[in-house]
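**Q** Could you put together the complete structure from these sequences and hints?
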Amino acid sequence: MKIRPTKQDDIAALQEVLNGTELFPSEMLPDMVSGFLANDESADIWLTCEANGKAVGFCYAVPEELAEGAWNMLAVAVLPSEQGGGCGGAIIKHLEAVLKKRGQRILIADTSGADAFVQTRAFYRKNGYVEEARIRDFWAAGDDKIVFWKSLS
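Residue numbers (my numbering): 6 to 158.
Where hints are given, some of them may not hold.
The following label-pair restraints were derived from C-beta to C-beta distances [stated by the list, open to error]: (1) 123 x 146: 15 to 23 Å; (2) 127 x 45: 33 to 41 Å; (3) 79 x 46: 14 to 22 Å; (4) 33 x 123: 21 to 29 Å; (5) 146 x 46: 38 to 46 Å.
Below are the BS3-like pairs computed for lysine-lysine, each with C-alpha atoms no more than 30 Å apart in a straight line [claimed, not checked]: (6) 7 x 105; (7) 7 x 155; (8) 98 x 155.
Simulated from the structure, these hints should not be mistaken for lab results. Built from N, CA and C at the ideal position, the CB exists for glycine as well.
**A** Right, dumping it as structure tokens:
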């Protein structure tokens, strides 16, 4: 397993990840990652987890506007057939290391309070994230937004 910055050649495989996880529509990915791929100075971080020469997972994080040293992990996804194999944990540990090296303070991640996201919430807890906030009915009626938090110091 190898964690590295996302490349243009990864897009098709990462769209497969999105199709398998249904995190968000895969057709959105090329536009989302284009700024990062086109600009070496982009503040965004896109990381890809590669296994056996194929991109099987990714992570996307951005600095929080108007906050000093705070970052938001907007997406982390792993091909369903690869879940449970350590790719997800490895990719966020890599992200945390990059942010620590840059002197950043905290990393947050938003997810849903719906039953379908119980494994996602367990994943964050397993990786040292604490449920910091809950915004009732955020995503839809009955679907809370859960904010997980982790100190990078």
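**Q** Now tell me if each hint is right for this structure.
**A** Do the hints match the structure? See the list:
Checking the proposed 15 to 23 Å range against residue 123 and residue 146 shows it holds: the Cβ atoms sit about 19 Å from each other. Separated by about 36 Å at the C-beta atoms, residue 127 and residue 45 satisfy the suggested range of 33 to 41 Å. The hint said 14 to 22 Å for the Cβ distance between residue 79 and residue 46, and at roughly 19 Å that hint holds. Under the hint 21 to 29 Å, the C-beta atoms of residue 33 and residue 123, about 25 Å apart, fit the expected range.
At about 41 Å, the beta-carbon gap between residue 146 and residue 46 stays in the expected band of 38 to 46 Å. Simply put, residue 7 and residue 105 have alpha-carbon atoms about 19 Å apart, close enough for the 30 Å limit, and the pair holds. Taken as a hint, the residue 7 and residue 155 pair is honoured in the structure, with Cα atoms around 23 Å apart against an allowance of 30 Å. For the proposed pair residue 98 and residue 155, the alpha carbon gap of about 11 Å is at most 30 Å, so the pair holds.
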